[in-house]
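There are 2 protein chains.
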Amino acid sequence: MCKAPGHRYAGAMETFFLDDLTIGQRFVSGTHALDAAEITRFAAEYDPQPFHLDDAAARETLFGGLVASGWHTACTTMRLIVGGGLPIAGGIMGTGGELLWTNPVRPGDTLHVECEVLEITPSRSKPDRGTVVVRCLTKNQRGDTVQSFTPKLVVLRRPR
Amino acid sequence: MCKAPGHRYAGAMETFFLDDLTIGQRFVSGTHALDAAEITRFAAEYDPQPFHLDDAAARETLFGGLVASGWHTACTTMRLIVGGGLPIAGGIMGTGGELLWTNPVRPGDTLHVECEVLEITPSRSKPDRGTVVVRCLTKNQRGDTVQSFTPKLVVLRRPR
Numbered sequence: 001m002c003k004a005p006g007h008r009y010a011g012a013m014e015t016f017f018l019d020d021l022t023i024g025q026r027f028v029s030g031t032h033a034l035d036a037a038e039i040t041r042f043a044a045e046y047d048p049q050p051f052h053l054d055d056a057a058a059r060e061t062l063f064g065g066l067v068a069s070g071w072h073t074a075c076t077t078m079r080l081i082v083g084g085g086l087p088i089a090g091g092i093m094g095t096g097g098e099l100l101w102t103n104p105v106r107p108g109d110t111l112h113v114e115c116e117v118l119e120i121t122p123s124r125s126k127p128d129r130g131t132v133v134v135r136c137l138t139k140n141q142r143g144d145t146v147q148s149f150t151p152k153l154v155v156l157r158r159p160r
Numbered sequence: 001m002c003k004a005p006g007h008r009y010a011g012a013m014e015t016f017f018l019d020d021l022t023i024g025q026r027f028v029s030g031t032h033a034l035d036a037a038e039i040t041r042f043a044a045e046y047d048p049q050p051f052h053l054d055d056a057a058a059r060e061t062l063f064g065g066l067v068a069s070g071w072h073t074a075c076t077t078m079r080l081i082v083g084g085g086l087p088i089a090g091g092i093m094g095t096g097g098e099l100l101w102t103n104p105v106r107p108g109d110t111l112h113v114e115c116e117v118l119e120i121t122p123s124r125s126k127p128d129r130g131t132v133v134v135r136c137l138t139k140n141q142r143g144d145t146v147q148s149f150t151p152k153l154v155v156l157r158r159p160r
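Going down the list, the protein sequences come from chains A and B.
Mapping to my numbering: the first sequence position 63 is 63, numbers consecutive.
Mapping to my numbering: the second sequence position 66 is 66, numbers consecutive.
Bound conformation, chain A alone (with noise of 0.2 Å):
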């Protein structure tokens, strides 16, 4: 994570207002490690295809054995920006954006996130918020991405 020179981490984490954040920016975050128990888990809640349930079955698939759904990985993805790894004051309020899983993620993989901001749009009618466009990829510990998120964000701008 960029930090400012001299910050002190007192249980609280340096953020980010609209006015702090340059194009350019970069955020990197904390690490996530996946193993199969926690993808079947989700899998089974949130998308049951055999392969993301059962290593065996997986085999007979394009897949060629156990990958996490790539919710899973959106999840994970969200988890270690809202813990950090994307430091915006008031919050992680995104509108959506192109979403696109390039590798598959397998067990054993451990996952991190490296956000830059993209563009920076004050708002005409809105003078307390702006968007602000970021691309996320979140990689796997060979340096692989594994997801690519491009999503516009609502930012608070710094209070006068």
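Possibly wrong hints are sitting among the right ones.
Here are a few chain B residues that face chain A, going by a calculated C-beta distance under 8 Å [to be verified]:
| id | residue |
| --- | --- |
| 1 | 17 |
| 2 | 46 |
| 3 | 49 |
| 4 | 50 |
| 5 | 70 |
| 6 | 89 |
| 7 | 91 |
| 8 | 93 |
| 9 | 99 |
The following residues of chain A were derived to be distant from chain B, with all beta-carbon distances above 10 Å [said to hold, decoys possible]:
| id | residue |
| --- | --- |
| 10 | 13 |
| 11 | 14 |
| 12 | 22 |
| 13 | 36 |
| 14 | 45 |
| 15 | 65 |
| 16 | 79 |
| 17 | 141 |
Source of the hints: derived by calculation from the structure; they are not laboratory data.
We treat Cβ as the ideally placed atom computed from N, Cα and C, and that holds for glycine.
Add chain B to chain A, keeping to what the hints say.
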């Protein structure tokens, strides 16, 4: 869901290969109701922000009250699609697409998904499959669209 005339439902649902799909074909899922307990449980695990966790805290935010995480809407959508809302032979294998959250999801909302086939493209290099673009609109009980997702899917061709 679209049914072939005379199709029997004997515990299994009719599924569609690439060759069976047509542009403009539509499918409608079952429904799922989201209550506050499910909204906050999901958020605690994947999107722990005040507006998804606590109604009183959410009233102090731009949302004005508890709202479901967009990822909860996305996961609920996937569950409805896998549960018969988009009966693709071999399963739903998406490579991603545009994901937009267009209205908040509140406690007590009942969601369903309406999918429409937009594009069908047989693979030139792999004769057993192709890609299909679908637009899946997730709607609440009033018919408001709460999410639009337009994924590209890998779909198997009917075996000869």
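Do the hints match the structure? See the list:
1. Residue-level restraint check for residue 17(B) is violated (minimum Cβ-Cβ distance to chain A is 14 Å; threshold 8 Å).
2. A hinted interface residue such as residue 46(B) counts as satisfied when its beta carbon comes closer than 8 Å to some beta carbon of chain A; here the least separation is about 4 Å, so the hint holds.
3. A cut of 8 Å between beta carbons decides the hint on residue 49(B): the least distance to chain A is about 5 Å, and the hint holds.
4. With a least beta-carbon distance of about 7 Å to chain A, the hint placing residue 50(B) at the interface is held under the 8 Å criterion.
5. For the restraint placing residue 70(B) at the interface with chain A, the shortest Cβ-Cβ distance is roughly 6 Å, inside the 8 Å limit, so the hint holds.
6. Given the 8 Å rule on beta carbons, the hint for residue 89(B) is violated: about 12 Å separates it from the nearest Cβ of chain A.
7. At about 5 Å, the closest approach between the beta carbon of residue 91(B) and any beta carbon in chain A falls short of 8 Å, and the interface hint on this residue holds.
8. Given the 8 Å rule on beta carbons, the hint for residue 93(B) holds: about 7 Å separates it from the nearest Cβ of chain A.
9. Against a cut-off of 8 Å between C-beta atoms, the interface hint on residue 99(B) holds, since the closest Cβ of chain A lies about 5 Å away.
10. Residue-level check passed: residue 13(A) sits 14 Å from the nearest beta carbon of chain B, beyond 10 Å.
11. Against chain B, the non-interface label of residue 14(A) holds: every CB pair exceeds 10 Å, the least being about 17 Å.
12. For residue 22(A), the condition that its CB be more than 10 Å from all CB atoms of chain B holds, with the nearest at approximately 23 Å.
13. Its beta-carbon lying about 18 Å from the closest one in chain B, residue 36(A) satisfies the requirement of being farther than 10 Å from that chain.
14. Not every beta carbon of chain B lies more than 10 Å from that of residue 45(A), the smallest distance being close to 7 Å; the non-interface claim is violated.
15. No Cβ of chain B comes within 10 Å of the Cβ of residue 65(A); the nearest lies about 14 Å off, and the non-interface call holds.
16. Residue-level check failed: residue 79(A) sits 5 Å from the nearest beta carbon of chain B, not beyond 10 Å.
17. The non-interface label for residue 141(A) is consistent with chain B: the shortest C-beta to C-beta separation is roughly 21 Å, beyond 10 Å.
The structure is inconsistent with the numbered hints 1, 6, 14 and 16, although it conforms to all the rest.
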